[in-house]
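A.B. asks: Here are the chains, one letter per residue:
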Amino acid sequence: MKTALKYIYSLFLLLPIVSCSSDDSMDKDEEKPTITINYAGGFPQACTQLQKGETYNFKAKVTDNKELASYSLDIHHNFDHHTHDDQGTPCTLGPIKQAIKPLIFMQNYSIEGGKTSYEINVSLAIPNDIDTGDYHCQFSVIDQTGWQSRTSIDIKIIE
Amino acid sequence: MFHKLLWAGLSFSLCSLSFAQKTFTIKGTVINAQTQSPIVGATIIGEGLFAVSSNDGAFTLKNVSEGFHTFKVTHLGYTPEFFDLEVNGNSEKVIVALKESNTVLEEVELLGKTKEKLAKEQPLVTVEASKEFMEANRENSLMQTLSKIPGVSAINIGSGQSKPVIRGLGFNRVAVVQNGIKHEAQQWGSDHGLEIDQYGIETIQIIKGSASLLYGSDAIAGVVNIKPSAAPLENSFSGEVNLLGETNNNLFGVSTGIQARKEEWFYRGRLTFRDYGDYKVPTDKINYENYIFELHENHLRNTAGMEANASFSVGYIADNIKSETFFSNVYAKNGFFANAHGLEVRTSRIDYDSSTRDVDLPYHKVNHFKITNNTIITANRRTWYVETGFQNNHREEHSEPVPHGYMPKPNDSKEREFHKNTFSLNIRDAFQMNKEHIIQSGVNLEFQQNTIDGWGFLIPEFNRFTAGAFAYNQFEINPNLHVQAGLRYDFGFIDTKAYFDWYPSIRINEDGSMSSIYLQRAQDKRLDFGNVSASVGLSYIQNNTTYKINIGKSFRMPLANELASDGVNYHMYRYERGNLDLDAEETYQLDIDIDHTVKQFSVGISPFVNLFDNFIYLNPTPNYFETLQIYEYTQSKVFRMGGEVRASTTVFHDLQLDASVEYVYSRQTSGAKKGFTLPFSPPLSTLFSASYQFKKFLFFEKPQLIVDYRITAAQDEIVPPEEKTAGFQVLNLSVMSHFNMMKSNAQLRLKLNNVLDTKYFNHTSFYRLIDVPEAGRNISLSLTISF
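Protein chains in written order, with my numbering: chain C, 1 to 159; chain B, 1001 to 1787.
Be a bit skeptical, because a hint or two may be false.
Below, a list of computed lysine to aspartate or glutamate pairs in the EDC-like style, where the Cα atoms sit at most 16 angstroms apart [said to hold, decoys possible]: (1) K32(C) to D1360(B); (2) K1333(B) to D1360(B); (3) K1285(B) to D86(C).
If we take Cβ atoms under 7 angstroms as the criterion, some of the chain B residues that face chain C in the derived model are [what the hints assert, rightly or not]: (4) P1622; (5) N1623; (6) Y1624; (7) Q1629; (8) G1675; (9) L1678; (10) P1720; (11) E1722.
No wet-lab data here; the hints were simulated from the structure. Quick reminder that beta carbons are idealized off the backbone N, C-alpha and C, glycines included.
Okay, chain C solo, but in the shape it has when bound (with noise of 0.2 angstroms):
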């Protein structure tokens, strides 16, 4: 019995020197970056109503530890109330209806020269002819390692 416990020990010794042997010190990037609408210019926020044929600036701040690599505006309609916003405040949604022309809006942009922090500002002016409603605004940000991280609004466009 004695001799089985002192395997046993010396067996379960062996591991962490194993398992601790090989670690590099190479100074990985493990943090996402940040995104936020909730300071004084961040747009639009919950709820926000925008009208047609008027410019907007779409505004969020982002920030990452390393270098920031690229972020995208996402503007589609949710008039079959598919999803809802990260806000925190429910926005009431107007009826559910089909879809005829929705406005759709998907485009991204780089952010260059190796930045920790940086405002996205995109301008858009809303076209005249398409369905008013709900819709859905998601801003993301990826860092030059990979990592992404995300928000997203409920507001409505209105004649």
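Following the hints, position chain B against chain C.
C.D. replies: Below, chain B alone, put in the same frame as chain C:
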């Protein structure tokens, strides 16, 4: 000199001990358990004692000392039997009944060696899970049951499905073989399980390590080999019914199987049905990124499901042939968590909370139909193994149709459909040159055809053909030293079919004008692959210690999606881009296994080192396609090492203690994610088990209490988009007992999983990505009646 003195001293003291003792003579008989007729020539071995049964089955053991003795009785064609004897002068005549080994052919194949001895001689690191193991540890799905074996884990998808992971690698890097034929489903996908009925399985062999030599492509991390059951005894009929109930997901399951044999013909049949509701997690809300999902009464919405399986086989067994044809069909329908499908957050008007048993959208249904034939022919010193198979795998995934990007709202819920037919043929010849030398050679052929349908695109249609030829040599240098070496060549091609979106997307041209085009997602392309695999290993048995060393090269042909996909995977919220330049994955692995087993205890260690030249890795890039992150299939060098340590001991005869530790270290050593680990890396984990065998209690025979305590360390080694996972400790308890019910042997098991209702996350669970914890406390009651 010192040694000699020591030996001399030791032998002297031993001699004086034996002189001091009184000795007795033991008489007994060896009989056939079925026919009660005497067995001639059976060997009876005890410590320093030996006898052979005579014409009337009688044997005599002389000079047996007073006290407890264990004897082993063996005879070719019979299962070895152990018996314990207390020798004190008034001993009675001993009668030992030996059971016939199940098949005639196995005797020829084994040459009278026991399974354990054969496993020791085999240089590959293998673990066998018996039916008893499966029954004592049965969980909701096959791989969850097997994950108690150190080095084996499971990727769980909800409560009823899982897929195998061996030392941190899964998906197409583990080959699953059933009745000799490679199980072909949609292994590459992360959200469905194995599609194998876990009832009615007699033996599962798990090979940890490089096994392409024997199994071809995919057997990189190892093999889960579900062996065909042994043929039933002549003129026998037997069966069993298993009933199972669980509280966490309100599962009800029934499985019943029968088998019978006249003389030469035998048949088997089994039906399994399971139905379960949404499972419960020990939390009332889930925080995923900035979203909060409130759970109704801790139920993970829409994770209910059902499974219905049927199998039948007919076999023929004669002096030098055994052939069995299996028909099986596995059908399952499983719901997916409703608040997030993959990584995509969804709201719905479906009233999921009205019932915890119904399966609403999103769900999938899968049907796996299989016909396989195993034929073994023995002639002289040759044994031929012929395995033929046809498999039809049909999977449909349904979700609520919603518009995505330029895709308008589809008309129906059928998001994807995969239809895969696989034809397989294996021929192997085992030639026993002489007592020491066996040469095995053979060919494996496989043809796959995959077609797709539905409005969501993930992998293209393809045809795939592989052919492999191998030869290996098992050589016995002396009874304790065995060498195995072999070489294999595989050739294959994959033909991917073009795929275009069914809806137009808007593209801005260079001159600023806009055009509306049907984007091409996959190309028409034929790619050829050729690969050499090899393996050489040594096993050395020194008394109670077995040493094994094996080095092998394995490979994996790239999959159609790795080569040719070019499209949005909305569930994972990413754009996946295949790479037609991918080579077949090649890997080298060194395995060592040292095992020391004596009567009171057993210890073992099995470390490994593994190098990938070109691991196929889906790399998250820093770029977008439209507004989704681009993930690209790339190849990088990978270094992995790790292993398992196990120990067990028996204390006071009735208490067995087991402990095991498993660990894997992975590093990408080249490419975009140099320095990072691999996705789904299992953390360091320890399992302590104690089982106590009680005395007979009321009508309960062999009541047993088993306590399992798992301690898992945090996983801080991650790669985008994973999150770090905290460590956890979880306690499981079970009580098992046999008893007689209407003259049948019955087994009852009460199992309590996650006793403390601990909220913990499993780093290798599919739902981990959306921060869903593991299942809460579960009480399961199962009853197996054998007749």
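A.B. asks: Each hint: holds or not?
C.D. replies: Cross-check of the supplied hints:
| no. | hint | result |
| --- | --- | --- |
| 1 | K32(C) to D1360(B) | 34 angstroms, violated |
| 2 | K1333(B) to D1360(B) | 10 angstroms, holds |
| 3 | K1285(B) to D86(C) | 15 angstroms, holds |
| 4 | P1622 | 3 angstroms, holds |
| 5 | N1623 | 6 angstroms, holds |
| 6 | Y1624 | 3 angstroms, holds |
| 7 | Q1629 | 5 angstroms, holds |
| 8 | G1675 | 4 angstroms, holds |
| 9 | L1678 | 14 angstroms, violated |
| 10 | P1720 | 5 angstroms, holds |
| 11 | E1722 | 10 angstroms, violated |
Hint compliance for this structure: hints 1, 9 and 11 are broken, all remaining hints hold.
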